[in-house]
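A.B. asks: Given these sequences and hints, build the entire structure.
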Amino acid sequence: MQQEAFANTEDFGGPDIVAVPGRLARPGRDAPYASYELARAFDEMFAADGAVRPPYAALDSRLSTLSLEELSRRQQACEQSFLHQGITFTVYNDNRATERIIPTDLLPRIITAAEWARLEAGLTQRIVALNMFLRDIYGDGRVLKDGVVPRAMIFGSKHYRREMRGLPVPHGAYVNICGSDLIRNESGAFVVLEDNLRVPSGVSYMLANRDVARRAFPAVFRSMNVRPIEQYPLELLATLRSLAPFHEDVSIAVLTPGVFNSAYFEHAFLARQMGVELVEGRDLLINDNVVYTRTTSGLKRIDVIYRRIDDDFVDPLIFREDSALGVPGLFNAYRAGNVMIANALGTGVADDKAVYAYVPRLIRYYLSEEPILDNVETFLCREEKSLNHVLANLDKLVVKAVGESGGYGMLVGPHASQTEREEFAAKVKADPDNYIAQPTIQLSTAPTFVGKGVEARHVDLRPFILHGAETKIVPGALTRVALKRGSLVVNSSQGGGSKDTWVLSQ
Amino acid sequence: MFYSIRHVNLFRYSAPVRESVMELRMQPRSEGPQTLRSFQISTNPRAQLYAYTDHLGNAVYHFNLLREHEELRIEAQAVVEIGAFPELPEKLDALEWGRYNSYNLHDDHYDMLGHSKFARPSPELLSFMTIADLEKPAGDPLTALRHLQRTIYDSFEYKSGVTEVHSPIEVALEQRLGVCQDFAHIMIAIARGWGIPTRYVSGYLHHKGSRDRSRADATHAWVESYLPSLGWVGFDPTNNIAPRERHIRAAVGRDYADVPPTRGTYKGGADSELSIAVSLEPTAAPVRHEDFLKVARPMSATPPTPSMPERLYLQQQQQQQQQQQQQQ
Numbered sequence: 018m019q020q021e022a023f024a025n026t027e028d029f030g031g032p033d034i035v036a037v038p039g040r041l042a043r044p045g046r047d048a049p050y051a052s053y054e055l056a057r058a059f060d061e062m063f064a065a066d067g068a069v070r071p072p073y074a075a076l077d078s079r080l081s082t083l084s085l086e087e088l089s090r091r092q093q094a095c096e097q098s099f100l101h102q103g104i105t106f107t108v109y110n111d112n113r114a115t116e117r118i119i120p121t122d123l124l125p126r127i128i129t130a131a132e133w134a135r136l137e138a139g140l141t142q143r144i145v146a147l148n149m150f151l152r153d154i155y156g157d158g159r160v161l162k163d164g165v166v167p168r169a170m171i172f173g174s175k176h177y178r179r180e181m182r183g184l185p186v187p188h189g190a191y192v193n194i195c196g197s198d199l200i201r202n203e204s205g206a207f208v209v210l211e212d213n214l215r216v217p218s219g220v221s222y223m224l225a226n227r228d229v230a231r232r233a234f235p236a237v238f239r240s241m242n243v244r245p246i247e248q249y250p251l252e253l254l255a256t257l258r259s260l261a262p263f264h265e266d267v268s269i270a271v272l273t274p275g276v277f278n279s280a281y282f283e284h285a286f287l288a289r290q291m292g293v294e295l296v297e298g299r300d301l302l303i304n305d306n307v308v309y310t311r312t313t314s315g316l317k318r319i320d321v322i323y324r325r326i327d328d329d330f331v332d333p334l335i336f337r338e339d340s341a342l343g344v345p346g347l348f349n350a351y352r353a354g355n356v357m358i359a360n361a362l363g364t365g366v367a368d369d370k371a372v373y374a375y376v377p378r379l380i381r382y383y384l385s386e387e388p389i390l391d392n393v394e395t396f397l398c399r400e401e402k403s404l405n406h407v408l409a410n411l412d413k414l415v416v417k418a419v420g421e422s423g424g425y426g427m428l429v430g431p432h433a434s435q436t437e438r439e440e441f442a443a444k445v446k447a448d449p450d451n452y453i454a455q456p457t458i459q460l461s462t463a464p465t466f467v468g469k470g471v472e473a474r475h476v477d478l479r480p481f482i483l484h485g486a487e488t489k490i491v492p493g494a495l496t497r498v499a500l501k502r503g504s505l506v507v508n509s510s511q512g513g514g515s516k517d518t519w520v521l522s523q
Numbered sequence: 033m034f035y036s037i038r039h040v041n042l043f044r045y046s047a048p049v050r051e052s053v054m055e056l057r058m059q060p061r062s063e064g065p066q067t068l069r070s071f072q073i074s075t076n077p078r079a080q081l082y083a084y085t086d087h088l089g090n091a092v093y094h095f096n097l098l099r100e101h102e103e104l105r106i107e108a109q110a111v112v113e114i115g116a117f118p119e120l121p122e123k124l125d126a127l128e129w130g131r132y133n134s135y136n137l138h139d140d141h142y143d144m145l146g147h148s149k150f151a152r153p154s155p156e157l158l159s160f161m162t163i164a165d166l167e168k169p170a171g172d173p174l175t176a177l178r179h180l181q182r183t184i185y186d187s188f189e190y191k192s193g194v195t196e197v198h199s200p201i202e203v204a205l206e207q208r209l210g211v212c213q214d215f216a217h218i219m220i221a222i223a224r225g226w227g228i229p230t231r232y233v234s235g236y237l238h239h240k241g242s243r244d245r246s247r248a249d250a251t252h253a254w255v256e257s258y259l260p261s262l263g264w265v266g267f268d269p270t271n272n273i274a275p276r277e278r279h280i281r282a283a284v285g286r287d288y289a290d291v292p293p294t295r296g297t298y299k300g301g302a303d304s305e306l307s308i309a310v311s312l313e314p315t316a317a318p319v320r321h322e323d324f325l326k327v328a329r330p331m332s333a334t335p336p337t338p339s340m341p342e343r344l345y346l347q348q349q350q351q352q353q354q355q356q357q358q359q360q
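In the order they appear, the protein sequences are chains A and B. Everything in the first sequence is counted per the numbering used here, starting at 18 for the first residue and increasing by one. Everything in the second sequence is counted per the numbering used here, starting at 33 for the first residue and increasing by one.
Watch out, some of these pointers could steer you wrong.
[What the hints assert, rightly or not] Reference listing, derived: stretches of chain B covered by chain A, where coverage requires no fewer than 3 residues with Cβ under 8 Å from a Cβ of chain A:
{"id": "1", "segment": "78-91"}
{"id": "2", "segment": "287-301"}
[To be verified] Derived lysine to aspartate or glutamate pairs resembling EDC-like cross-links, with alpha carbons at most 20 Å apart:
{"id": "3", "chain 1": "B", "residue 1": "K299", "chain 2": "A", "residue 2": "E338"}
{"id": "4", "chain 1": "B", "residue 1": "K299", "chain 2": "B", "residue 2": "E103"}
{"id": "5", "chain 1": "A", "residue 1": "K175", "chain 2": "B", "residue 2": "D139"}
{"id": "6", "chain 1": "A", "residue 1": "K317", "chain 2": "A", "residue 2": "E297"}
{"id": "7", "chain 1": "A", "residue 1": "K175", "chain 2": "B", "residue 2": "D140"}
Hints listed in this document are in silico derivations from the structure and should not be mistaken for laboratory results. Just so you know, these numbers come straight off a predicted model, no measurement behind them. Ideal placement from N, C-alpha and C gives every residue a C-beta, glycine not left out.
C.D. replies: Laid out in structure tokens, this is it:
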């Protein structure tokens with residue numbers, strides 16, 4: 018069905034893509050960029066003077082030969098493809114039907130080899146330091162004794178798991194799967210916005226987007242030496258296997274909350290791609306401190322669990338006793354080393370938004386290196402000076418609760434009403450330790466097809482980092498797009514979409 | 033001297049249940065003046081027991097029972113020797129407050145300073161502190177804690193049945209009634225508010241005469257506060273006494289939630305009923321208990337919880353945030 022939709026758009030026989038670097042497309046005047054606005058933000062495709070940046074030259078050439086009708090057809094084909102594959106996402110706090118397809122944009126976002134090399138080095142450095150930090154705070158606590166990070170911040174964190182103290186994890190790797198959020202700031206540099214160390218999701222959209230963009234622009238794709246990402250599921254499998262090195266035939270399962278979870282599509286997708294079991298908590302049971310899954314032919318032992326449920330819910334015996342999703346006794350089997358869990362429990366303490374502010378210091382502390390990737394400037398409300406600054410500048414800042422994710426519990430100062438700001442200020446004053454603030458950042462913009470042409474929309478970048486016996490980053494990422502003009506909110510739960518990310522090999 | 037302790041938990045289910053999983057914190061600790069001389073634990077139906085030491089140094093046993101059962105009996109027997117306790121001074125010097133610094137305090141102390149599930153400030157607690165003039169500690173830390181112990185003892189009446197195992201301290205604070213667990217949590221919350229690392233102790237009390245308010249033949253709870261020049265020092269706000277030779281320590285934690293003697297789950301739609309029997313006798317040397325089990329009202333054990341209903345199951349599936357929607 019999808020192939021048919023694309024069949025008449027194939028440009029195999031078309032002219033070779035001729036890249037003309039530096040062609041002036043005059044965004045804002047020429048089709049299809051007639052309403053393309055270059056503003057304060059860094060634009061991925063156009064330099065400030067309107068010249069097309071070299072990596073986008075081939076795409077630009079192709080776009081200039083396609084009619085809007087043709088682009089629309091290809092865009093619809095992309096959406097059809099997502100719909101047919103069931104690539105959906107659930108939006109909460111919405112009384113209407115909650116299952117939606119992720120809007121996808123057919124225009125790829127391009128990252129050069131040099132940019133990627135820097136990202137790869139920076140992300141590797143970061144995940145190594147964060148894992149050392151986790152091993153430290155669940156072990157000797159050297160970083161606390163040395164006063165680099167305040168103890169109250171760790172022990173007061175709702176994601177700190179005392180049960181993990183003194184418990185060894187394979188390779189010292191607590192975070193095995195990480196999905197960091199980066200943005201490109203106004204000067205064009207990538208900075209880290211958040212480290213998602215608990216149950217990061219979205220990798221299935223990265224893979225699905227590749228399918229659609231490659232079909233929408235096959236010749237451009239072929240001409241550009243885009244690095245492949247299709248191996249991600251196998252790399253994930255290898256990472257999970259490396260957690261149980263002493264087993265010859267490692268039995269792995271993906272533990273999902275269930276079909277009603279927003280990311281269930283991804284859980285099923287990854288399990289299928291890896292060829293491993295997809296299980297819910299109720300499919301598992303513990304006997305004599307070993308984890309089994311119930312199968313039609315009896316119990317089958319599980320050695321490694323890639324869990325997609327939060328720490329709190331993993332084991333009702335140890336954590337939230339009202340958890341219906343977890344497996345009673347799982348943590349003790351884990352403690353005994355009879356099963357490995359990825360990510361390890363208690364990683365959330367390191368992606369707390371307050372700890373985030375300390376990551377550059379942690380890199381220097383553990384690795385004696387300067388951070389390759391910068392953080393976004395962050396004000397910790399627990400520090401009185403910062404708190405006063407934050408309260409005085411609420412209209413300019415984004416304020417976030419430290420333990421939350423997904424745009425919950427936050428205030429976007431410039432877009433909030435006076436009342437909203439006052440209400441939020443009261444919350445911050447009541448519990449300053451729980452809040453941080455950052456300046457509103459102009460996320461970079463990338464060309465996005467909007468029906469009547471190609472316009473600039475804000476984007477971020479989420480690469481996926483695997484860390485077991487070694488660190489691996491598949492050369493790709495999920496680029497999320499704020500589809501509303503001017504909007505900085507890329508969250509899929511709040512009307513964001515996504516697009517393919519092409520990492521060039523040279 | 034020696035004490036012989038027998039502690040039985042009997043769970044009865046209204047219909048057969050299966051896949052019971054349990055964790056037990058019933059083994060007396062062996063440290064300081066208290067030495068564990070012998071310990072046995074058994075279950076009926078029989079189960080393979082596993083054990084580990086948690087990060088607080090408590091011995092934890094755990095087991096599972098796959099097959100159907102209508103009753104589960106857990107019996108622990110221990111012989112404990114209690115040696116001489118060091119004499120506590122009348123008071124400490126006022127400089128003791130200054131010793132709460134990073135030279136003297138370690139991670140384990142800091143962890144006993146924060147809020148925990150049952151020991152946290154609330155308007156009810158603050159109002160009690162105002163009325164009882166406990167907003168600021170009076171005198172050196174030892175004197176202040178003794179005064180706090182006495183104030184709780186004087187302000188609350190011991191009454192079982194008003195609060196439950198899972199009651200927040202507000203219930204006791206509103207009615208000025210409660211049991212050892214409530215008094216311990218109140219004392220912990222106030223002492224931590226003063227900056228004194230304070231922890232919960234679950235254990236047993238050998239009763240002597242009628243002066244003790246807590247019930248004989250039951251588990252007991254009190255607190256320990258950290259004094260830099262003395263170490264962890266016990267306080268029993270239920271009986272207004274300093275825990276010494278009669279108090280047998282089983283487990284320590286931030287509050288009750290860290291150290292219930294039994295904690296478990298099972299599958300099946302049945303209700304459970306828990307009976308607890310404790311007997312505690314001084315003994316010249318380790319002895320065997322005869323069948324003199326005295327059954328007391330369950331006071332400080334968590335009954336196992338049945339599996340959650342489907343509605344909750346669906347709701348929780350949706351709550352898992354998946355770090356999907358991070359936002360700038």
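A.B. asks: Each hint: holds or not?
C.D. replies: Against the structure, the hints come out as follows:
Counting residues of the segment 78-91 of chain B whose C-beta lies closer than 8 Å to any C-beta of chain A gives 5; at least three are required, and the coverage claim holds. For a cut-off of 8 Å, the count of residues in the segment 287-301 of chain B with a CB near a CB of chain A stands at 3, and the three-residue condition holds. A distance of roughly 14 Å separates the Cα atoms of B/K299 and A/E338; the hinted pair therefore holds under the 20 Å criterion. Between B/K299 and B/E103, the direct Cα distance comes to roughly 13 Å. Compliance with the 20 Å bound is thereby established for this hinted pair.
With a C-alpha separation of about 17 Å, the suggested pairing of A/K175 with B/D139 holds against the 20 Å cut-off. This hinted pair checks out: A/K317 and A/E297 have alpha carbons roughly 14 Å apart, not beyond 20 Å. At most 20 Å may separate the alpha-carbon atoms for a hinted pair to count; A/K175 and B/D140 meet this at roughly 17 Å.
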